[in-house]
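S.K.: Sequences and hints are given; from them, build the entire structure.
2 protein chains.
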Amino acid sequence: MKLTMLYSFLKADIDLIEKELELAISSTSPSLRDASLHLLQAGGKRIRPVFVLLAAKFGDYKIDRVKNVAVALELIHMASLVHDDVIDNADIRRGKPTVKAEWDNRVAMYTGDYIFARALEYMADIENVEAHRILSNAMVELCVGEINQIKDKYRFDQNLRDYLRRIKRKTAILIATSCQIGAISSNVPKQVHEKLYQFGYNVGMAFQITDDILDFTATEAELGKPAGSDLWQGNVTLPALYALEDDRMREKIIRVNKHTPKSEMDEIITHMKQSDVIDRSHALSQRYLSRALHILDELPANRTKKTLRDIAKFIGKRKY
Amino acid sequence: MKLTMLYSFLKADIDLIEKELELAISSTSPSLRDASLHLLQAGGKRIRPVFVLLAAKFGDYKIDRVKNVAVALELIHMASLVHDDVIDNADIRRGKPTVKAEWDNRVAMYTGDYIFARALEYMADIENVEAHRILSNAMVELCVGEINQIKDKYRFDQNLRDYLRRIKRKTAILIATSCQIGAISSNVPKQVHEKLYQFGYNVGMAFQITDDILDFTATEAELGKPAGSDLWQGNVTLPALYALEDDRMREKIIRVNKHTPKSEMDEIITHMKQSDVIDRSHALSQRYLSRALHILDELPANRTKKTLRDIAKFIGKRKY
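For the record, the sequence lines run as chains A and B.
The first sequence maps to residues 1 to 320 in my numbering.
The second sequence maps to residues 1 to 320 in my numbering.
Keep in mind that the hints were calculated from the coordinates and are not lab data.
Since the model is a prediction, treat every value here as computed from it, not as a measurement.
Ideal Cβ positions, reconstructed from N, Cα and C, are used throughout, including at glycine.
Where hints are given, some of them may not hold.
To be verified - Pairs of lysine-lysine, DSS-like flavour, derived with a Cα cap of 30 Å: (1) Lys2(A) - Lys151(A); (2) Lys305(B) - Lys11(B); (3) Lys258(B) - Lys2(B); (4) Lys19(A) - Lys151(B); (5) Lys258(B) - Lys168(B); (6) Lys45(A) - Lys252(A); (7) Lys168(A) - Lys273(A); (8) Lys151(A) - Lys11(B); (9) Lys170(B) - Lys313(B); (10) Lys151(A) - Lys96(B); (11) Lys306(A) - Lys252(A); (12) Lys96(A) - Lys151(B).
Claimed, not checked - Distance ranges between label pairs, derived from CB positions: (13) Gly95(A) - Leu160(B): 40 to 48 Å; (14) Glu130(A) - Lys19(B): 21 to 29 Å; (15) Gly95(A) - Asp276(B): 55 to 63 Å; (16) Arg155(B) - Lys317(A): 24 to 32 Å; (17) Leu16(B) - Gln41(A): 45 to 53 Å; (18) Glu130(A) - Lys45(B): 29 to 37 Å.
M.R.: Below, the structure is given as C-alpha cells:
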C-alpha cells in the first residue's frame, strides 16, 4: 500500500498545493528557477503539507488559508534540504543529483535562501502571532540541529540522548509545527492544537528513526543511494548507536570514515542486520508511535483522526 | 564629524540594541557562538537599527517594542553579509577575516541560517501582518539581488538600469523596510510610513552609490581591503559603468579578472580618479538624496525629521 492512499480524500487540495509550490519557486532568474525546479521535481513525500491539512481539519478548514501554511512548511523543508546537502557534501538525494552537485555550493546556498524567503512570504498572510512565534522557533531549532549534526559527525562516543535531541531538532519539531500551525490557521482551540503538536512530535521522532533504520535495511534501488550512507558520512544514527554497544561491531564501526571501502561497509551492515539492533530501533520507534496514538485518543472524534491514526501506523511499517 | 553624533540622543536605546544583538546570537553551540560574535564584533554602522528607531519616533515610540524590530533588521543584514562572503568568496570584510575565511563555507552558511532564524524570532512578536509581508518581500528581493550580482559579475556590457536594480535589491529595499517597519511598529499612519519607506529607499540608493564610490577613492587603511576591490571581484559598480563609456578606460577595464595584477588595478583607479566618473557618480547619489530630502518635507514636523535630514546630508559627504 502507498502512503497517499491513506489521505486520498485530500487529493484535490494536495494537487493544489503541488501547483502552488511550482508557482512559488518560479523566478525570473533562470539559474534559480532551474535549481528550484530540479529540487521540486525530485519529489518527496510532502508529509508536512499533509499534516498541515489534516490538522486544519480539526477546525474551520478553509483551503485558501491553510494552503499558504502548507506551502510555507514544504518550502522551509526544501530549503533546509538544499543547505543540508552543502553541509553534508551530499551528491545524491532521492536518487537524483543534488543542487550542489548539479550546480555548485554557491548556487545551492542562494537557492536555499531564496526558497526560504519565499516560504516567509507565504507565511506573512497568517495573522496569528503565535503561529509566527512557533515557526521561527522551529527554524532556530532546525539550524541548531544541523550544526550539532556536523559537530557530532564520526563521534562514536555520543549517546542516545545526543541522537534523540538531534532528530528532534532536525525532523520532529518541523512536523510538530506543521500540525500545530495547520490547526492554528483553522482556529482550532489551544488545548487541541497543543495536542496536535505533541502528536506531530512523536510521529516525527518515529518517522526519523524509521528513516535511519531504512538507511541500513533498504536496497540501493529503494534508497537512491548506497545502503549505510548515513554511517559512511559519519551520521551516527540509532541502529549504529545500538551496534556500538557490541564489542565486535564497535571495533569495526569506530574505524569508519569517508574513505572506508564499500566492502567493509557492507560487512558492517550485514553484521548489524544479523544482530538485534534493527529490532531494537524499531521498538523505540514504536514507543513514539504508541505515544502519538495515545495523544490522538484525547482529540475530538472526526474523520481526520482515523487518517492520522492510519498514517502513524503506516510510518511504523513503511519499507521505503 | 562622526555619523553617531547626529543621533546621540538615541545613544541609550542603541546601546540597548547592541546588548540585545549580543544576546540574540549567543548560542549553546560554541562554533556558532564564536562565528556570530566574530561577525558582531567586526562592527558596522548599525544604520538599519538607527533608521528603525528614528522612523518609530514618528509614532507611539515604545523602545521595548521597537527594539525587537531593530534587532531583527540588523540580524537579517548580518546574515546576508555572511552568505554574501561565501558567494563572493571574500576573505576580508571591514578589515577583518570573514567567517568563511576564519572557519569555512559550511560554517558561514549555517551561521547565516542561524542568525536569520533568530531574526525571525525577534520579528515574531510584531502583531502587524503588513510588517511581516513587507519584510518577507524585502528578503526575497535581497536574495534575487545577490543572485543577479553573481550573474552580472565581470559582465561589462551591463547598463545603468542593471546596476540600479541590483543596488535597490541589495541595499535600498532593506533600508526602506527598516524605516517602514520601524514606523509600523509605532502605529504610524499608513500615509506617513509609506513616505518613510520612500525616504529610506532614496537614502539607501545614495548610501550604496557612495559605498561604491569609496571603494575607488578611499585608502586601503580606510576600507580594510584594497581600493578597487569591487571591480577586481567583478562587481561592476557606478564609477566603473561610467568609466566604461570612455574608450581608453574601457579597453583596460574589460580585461579585468581576478588574476589582474595590483599594479594594473592601481593604474585603472588612478585613471578613473583623474576623470569625471567620480563626480558623475556623486551627482547621481545627490539626486537620490535630494529626493529623500524632498520626501522629508512632506512628513510631520518633529525633532526626528531634523536628524533624518542630517543623516541624509551626511551620507552624501561621508568619507569612510
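S.K.: Hint by hint, which ones does the structure fall short of?
M.R.: Hints 1, 3, 6, 8, 11 and 16 not satisfied by this model.
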